[in-house]
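So the protein lines, in turn, are chains A and B.
Heads up, the first sequence is in this note's numbering, so the first residue is 1 and it goes up one at a time.
Heads up, the second sequence is in this note's numbering, so the first residue is 1001 and it goes up one at a time.
Hints are computed from structural coordinates only; laboratory data are not their basis.
Incorrect hints may have been included.
[Stated by the list, open to error] Okay, derived cross-link-like pairs now, SDA-like style, lysine to any residue, Cα gap no bigger than 20 Å in a straight line:
| hint | chain 1 | residue 1 | chain 2 | residue 2 |
| --- | --- | --- | --- | --- |
| 1 | A | Lys-81 | B | Glu-1065 |
| 2 | A | Lys-252 | A | Ala-232 |
| 3 | A | Lys-188 | A | Pro-175 |
| 4 | A | Lys-99 | A | Glu-157 |
| 5 | A | Lys-81 | B | Pro-1048 |
| 6 | A | Lys-81 | B | Arg-1052 |
[What the hints assert, rightly or not] If you only want the chain B side, here are some residues facing chain A, beta carbon under 10 Å, derived:
| hint | residue |
| --- | --- |
| 7 | Thr-1002 |
| 8 | Thr-1006 |
| 9 | Asp-1008 |
| 10 | Gly-1011 |
| 11 | Leu-1013 |
| 12 | Leu-1016 |
| 13 | Val-1018 |
| 14 | Ile-1019 |
| 15 | Arg-1020 |
| 16 | Trp-1050 |
| 17 | Arg-1052 |
| 18 | Val-1058 |
| 19 | Ala-1060 |
Positions of the beta carbon are idealized from the N, C-alpha and C atoms, including for glycine.
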Amino acid sequence: MTAQPQSQTSPTRKRAAALISGGLDSMLAAKVVLDQGVDVEGVNFFTGFCVEGHTHAIRRKDRSREKRNNALWVAEQLGIKLHIVDVIDEYKEIVLNPKHGYGANLNPCLDCKIFMVNKALVTDVLGRGYDFVITGEVVGQRPKSQRADTMPLIAQESGAGDRLLRPLCAHNLPPTLPEREGWVDRAKLYGFHGRDRKPQMALAHSFGFTDYAQPAGGCCFLTDESYAGKLADLWSSRGVRDYDFDDIMLLKVGRHIRPASHYKLIVGREEGENNFLAGYRKRFVHLTTLSHTGPLTLVDGAPDTDDLILSARITARYSQGRNADEVSVEVHHLSGAVEELRVTPLSPTELEPAWQVGA
Amino acid sequence: MTAVHTLDVRGLLCPLPVIRTQNRVRDLEDGEVLEVVASDPGVLHDIPAWCRIHGHRVLACDERENDILFRIEVARG
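So that you can see chain B by itself, here it is in the shape it has in the complex (with noise of 0.2 Å):
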């Protein structure tokens, strides 16, 4: 069963939710899945953008209240 870790950025403002989500996906495995939840609209742009360049699939993106949350699953390779 593939791994899902959770990375909570809400109250921090772009860029620093992706360079949290960039160091915690430095530590996980091909296949694992990071939920990552944020607060900071720019992350609409900004983590997609960035696993775009780095080969991860963003598999889910939702918007809850006041809440953003990510599904990224890690591709290494």
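Bound conformation, chain A alone (with noise of 0.2 Å):
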């Protein structure tokens, strides 16, 4: 059925889902539409792979700056409601199996975005009804989802068709169903593209926004080099491509050293780091640092006697102790029993470069 055309007066308002990042596009995107009448309600989507939240909170050096959350504080600036959608366990499904392959790390950004417009408005996961859904996506500003030739296929395969409507890019695309029935007048849209952040800033000054969020590795940890290469780690160590959550988020955390594949060491950077860790030392055998401070190391797989030599060697290198001739390493098995080791810290030398993990 085709939707009526509403008139400035009509009772009916037409609601629309705002996907928010908690960046400074979307927040415009959800402006722009807002400004025309129409009743906006954010969305956003916690997938586990978000920047956002754990780290700030994990890192001890973190902790002074301000624990905003973006998406919310978006939200308020815009004086529209937010609804946080867990989607960790369905988001796994688009993170090993993505239809249209990954970006230059593992972001699957393409199905990622297909998925999200399809939560917000196709599946209604939240039970609105809403009438369309709106994006910040801008054309050509980023290499995998949002091209020329990708865009429509984000409408098509989401289901969405033409009720996504891309208020910072539309005057780029073809006119959807909300300009068409004039829910949104698409005069007051705007035709931004290429990865120029000079709109967007200039519209951002127009409307008052100062303090918005820019992060410059994007909002998803799956778009990191560093973090990519430990989850390929992961995978290629179990020889099975599939993880949970504590996985991903232990993935965020420490050093991680594999001196061999079927062990790795996750060591604590910092009190923050190693006050993390200790949530899961009744998981994994782990060490501490007696005779001097040092950091918690959990070790992921299957160690023997030798390589938890090696594993105390190399928690005594990050301790206090680094230039000691000896530093004394407790062993917390899992059975519950506790050995004490002494041992030489490993020189710089003979840590293996290749046994950082996404180093």
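Each of the two chains sits in its own frame; use the hints to bring them together as a complex.
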């Protein structure tokens, strides 16, 4: 059925879902449509790979920063509701088997956008019955998902079709249903394209937005080369492409050192990370230093006695006793037994560069 | 008497405490109170922000050792 145009005085305002990442583009896209009298609600998907939140909370050095959730902040600035949807489990299929492949690292950006647009509008995961969906995409801005040839694919494969509106680059695309039906005025949308950020910054300025987030590496860990390297190593060492939530959390924390294929060390880099890793100590063989202040090290895999000696030497290497002749290290076995080892800290030259996962 | 519900999100890092709170509040009636106990300091910012956006009232926020306790009054309307 074709939707009927709404007059300015219509009591039935059209309702739109705006995908809100917490960044500037999605904020502007929502604002542009909101200002046209549409009832806009924000939707934010938590995949488990989001850069925000977790890592800020884990690392002690980040604790002095304001712990603002940018998606919530954007919603509050715009005066709209924000629904945060946990898609950790469902998102796994997108990460493991992206139909359209990966970007530069393990980022399945195209499949991700198709998934989120579908969830918000077509599957209607929130049961809100939105009339259309808004994204902050800009033609030519991203090499994988925001190209002239892939943007129609998102509309098509998500099932949203012409109910997917990209207000920031609408003039570069055919009119969508909300434009044709007069729910929004196409003349008040934009024709941004390419990687130049100046038009967005100028629009932000015109709205009076100054304190918006501009994450340098994007909002997803899967776009990060080091993180993707750790995830690929996880799959390779286990012989299976799979993960659970704890796996992807632990990849965000510590130094990851794999001296051999059958085990890997996760060495806390500072107090906050040590505290976080301590939450996993009952599930892993772990090491702590006795004679000197040092890290907590989790051992993932099946280390033998020699491996544990090397693990102790590596742990000592990252302790305050790194230059001492001997460091006392405790090995906490899964049985609960605790063994003390006195070891010489590994020297920098003994630490093989190839052991450093994701470095 | 106002019904008081409880939610324990200790050990979860943001935004999961907010998501759990949001999902629990969805099932509550106007005027009911939800007590949330969390451990991630991120909730000190995120839960009040989420409440402001949705019109719910934060009745109290107390920090006790490693726990952070919120009392939230649900508002519908």
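These are the hints, each one checked on the structure:
1. Between the alpha carbons of Lys-81 of chain A and Glu-1065 of chain B the distance comes to roughly 32 Å, so the proposed pair goes past 20 Å and is violated.
2. For the given pair, Lys-252 of chain A sits about 14 Å from Ala-232 of chain A by alpha-carbon distance, which is consistent with the 20 Å threshold.
3. A distance of roughly 13 Å separates the Cα atoms of Lys-188 of chain A and Pro-175 of chain A; the hinted pair therefore holds under the 20 Å criterion.
4. Between Lys-99 of chain A and Glu-157 of chain A, the direct Cα distance comes to roughly 11 Å. Compliance with the 20 Å bound is thereby established for this hinted pair.
5. Annotation: proposed proximity of Lys-81 of chain A to Pro-1048 of chain B holds, straight-line Cα distance about 13 Å (limit 20 Å).
6. Between Lys-81 of chain A and Arg-1052 of chain B the alpha-carbon distance is near 9 Å, which keeps this suggested pair within the 20 Å criterion.
7. With a cut of 10 Å, the hint placing Thr-1002 of chain B at the interface with chain A is violated, because the nearest CB-to-CB distance is about 24 Å.
8. Because the beta carbon of Thr-1006 of chain B sits about 20 Å from the nearest beta carbon in chain A, more than 10 Å, this interface hint is broken.
9. At a threshold of 10 Å, the smallest CB-CB gap from Asp-1008 of chain B to chain A is about 15 Å, leaving the interface hint violated.
10. The restraint placing Gly-1011 of chain B at the interface with chain A holds, with a minimum CB-CB distance near 7 Å, inside the 10 Å limit.
11. At its closest, the beta carbon of Leu-1013 of chain B sits 5 Å from a beta carbon of chain A; the interface hint therefore holds under the 10 Å criterion.
12. This hint holds: Leu-1016 of chain B has a C-beta 7 Å from the nearest C-beta of chain A, less than the 10 Å allowed.
13. Given the 10 Å rule on beta carbons, the hint for Val-1018 of chain B holds: about 6 Å separates it from the nearest Cβ of chain A.
14. Hint on Ile-1019 of chain B holds. Least Cβ distance to chain A is approximately 5 Å, under the 10 Å limit.
15. Residue-level restraint check for Arg-1020 of chain B holds (minimum Cβ-Cβ distance to chain A is 9 Å; threshold 10 Å).
16. A distance limit of 10 Å between C-beta atoms decides the matter here; for Trp-1050 of chain B the minimum to chain A is near 6 Å, and the interface restraint holds.
17. Hint status for Arg-1052 of chain B: holds, given a least beta-carbon distance of 6 Å to chain A, under 10 Å.
18. Here the hint on Val-1058 of chain B is broken, as its CB sits about 14 Å from the closest CB of chain A, past 10 Å.
19. Restraint check, Ala-1060 of chain B versus chain A: the minimum CB separation of about 20 Å is more than 10 Å; hint violated.
Hint violations for this structure: numbers 1, 7, 8, 9, 18 and 19, all remaining hints satisfied.
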